[in-house]
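Trainee: Chain residues, written in single-letter form:
There are 2 protein chains.
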Amino acid sequence: MSKALDFLTEALRRLPGVGPKSAQRMAFHLLQYDREGAAELSRALYQAVDTVHHCAKCNTFSDTTVCDLCMDESRDTALLCVVETPADQLMIEQTLTYKGLYFVLMGRLSPLDGIGPKDLHLDKLVTRATDGAVQEVVLATNFTNEGEATAHYISEMLKARGMKVSRLARGVPVGGELEYVDAGTIARAMLDRRST
Amino acid sequence: MSKALDFLTEALRRLPGVGPKSAQRMAFHLLQYDREGAAELSRALYQAVDTVHHCAKCNTFSDTTVCDLCMDESRDTALLCVVETPADQLMIEQTLTYKGLYFVLMGRLSPLDGIGPKDLHLDKLVTRATDGAVQEVVLATNFTNEGEATAHYISEMLKARGMKVSRLARGVPVGGELEYVDAGTIARAMLDRRST
Chain A
1 MSKALDFLTE
11 ALRRLPGVGP
21 KSAQRMAFHL
31 LQYDREGAAE
41 LSRALYQAVD
51 TVHHCAKCNT
61 FSDTTVCDLC
71 MDESRDTALL
81 CVVETPADQL
91 MIEQTLTYKG
101 LYFVLMGRLS
111 PLDGIGPKDL
121 HLDKLVTRAT
131 DGAVQEVVLA
141 TNFTNEGEAT
151 AHYISEMLKA
161 RGMKVSRLAR
171 GVPVGGELEY
181 VDAGTIARAM
191 LDRRST
Chain B
1 MSKALDFLTE
11 ALRRLPGVGP
21 KSAQRMAFHL
31 LQYDREGAAE
41 LSRALYQAVD
51 TVHHCAKCNT
61 FSDTTVCDLC
71 MDESRDTALL
81 CVVETPADQL
91 MIEQTLTYKG
101 LYFVLMGRLS
111 PLDGIGPKDL
121 HLDKLVTRAT
131 DGAVQEVVLA
141 TNFTNEGEAT
151 AHYISEMLKA
161 RGMKVSRLAR
171 GVPVGGELEY
181 VDAGTIARAM
191 LDRRST
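Chains as they are written, first to last, in the UniProt record's numbering: chain A, 1 to 196; chain B, 1 to 196.
No lab work stands behind these hints: they were computed from the structure.
Here the structure is a predicted model, which means the values were calculated and not measured.
Careful: at least some of the hints might be erroneous.
If several chains are the same, the list does not tell them apart, and a pair holds so long as it fits within one copy or across any two.
Think about it this way: if two alpha-carbon atoms lie no more than 30 angstroms apart in a straight line, the pair counts; the simulated BS3-like pairs of lysine-lysine are [claimed, not checked]:
1) LYS57 with LYS21
2) LYS3 with LYS99
3) LYS21 with LYS159
4) LYS21 with LYS118
5) LYS164 with LYS57
Required output: the full structure, derived from the provided sequences and hints.
Mentor: See below:
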């Protein structure tokens, strides 16, 4: 049919979770109903590739050398929270309970995918955590197997350097009914029970 | 965080079937692991918006005024097959059973979505079907309610102008076991039974 259309369909398949049928549907949709959206997406991609880099301090995506949050002088420089992704960071920010700074791993240790400590640039994290200002590192990686392994690895690494390291609390979710919470979570909540 | 990243996430939501979470995942993926893919997609979108138009004869997407298939002199000009989308046309081409030409509606009649005969440019189809060369119009719209309604509408419209109109056969799919085929299909296959 159209070479430009074939090229677009191929390019859309580079998006995660988009197979040949979805890519074709997206291409048809954009060309038939939303050419303006296609042009806007083209510009947004170009601009993002051109301007988005990693913050020199916290490693998250940023348009500037150091991101706004790291530049914010009202944040508590004694606390450093380690998260896997910018999305995780955003979730913690939304809780309004944390006023320290962040380090974004941009991934997790995952030997099956070939992602080891070097690929995560954990040396950058060590440099950041041992800058003298940081008193405590809060590990907020996911509570999946890979996230737990990542937290464990970082914890050992920083404790060997004399840092104080903590981990988000595990337990029954807020609003959780014991009948419907999995046994592993309840077991953990029982072990980590607090005096009231 | 990053303005360029927010702009990209917003733009990705213009794709059909992509919500806020998917858009964020796609943006992170492209910036973290596939900047080359992002640049390529940007170029592909730009090029497609710029060069893809509708074929003057069959209405499908084409980089040229008249598409390659309509220009192909080995095709049978007496047959005109009406399909809903370029994807449907591709499927029919893959069967290698049809040597005529096409008309691509780029949609279907759908009163609930506000798509009436005018929005489908059915006047273009009438002009094309009554060009003197076409002897038979084969309706190959989908066998959904909307596709059937579209076929019925076009059929009435063309028969009123003295055209011969046919419809793809309905029946039990190849490899179909009666036990697992729905009753409606079997009923149809019984009514449309052929002498052998």
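Trainee: Against each hint, give a clear statement of whether it holds in the structure.
Mentor: Structure-based check of all given hints:
1. LYS57 with LYS21: Only across copies: LYS57 and LYS21 sit 26 angstroms apart there, 41 angstroms inside one copy, limit 30 angstroms.
2. LYS3 with LYS99: between (52 angstroms within a copy, 22 angstroms between copies)
3. LYS21 with LYS159: Answer is neither: 50 angstroms inside a copy and 35 angstroms across each miss the 30 angstroms cutoff.
4. LYS21 with LYS118: between (37 angstroms within a copy, 28 angstroms between copies)
5. LYS164 with LYS57: Classified as within: same-chain Cα gap 20 angstroms, cross-chain 73 angstroms, threshold 30 angstroms.
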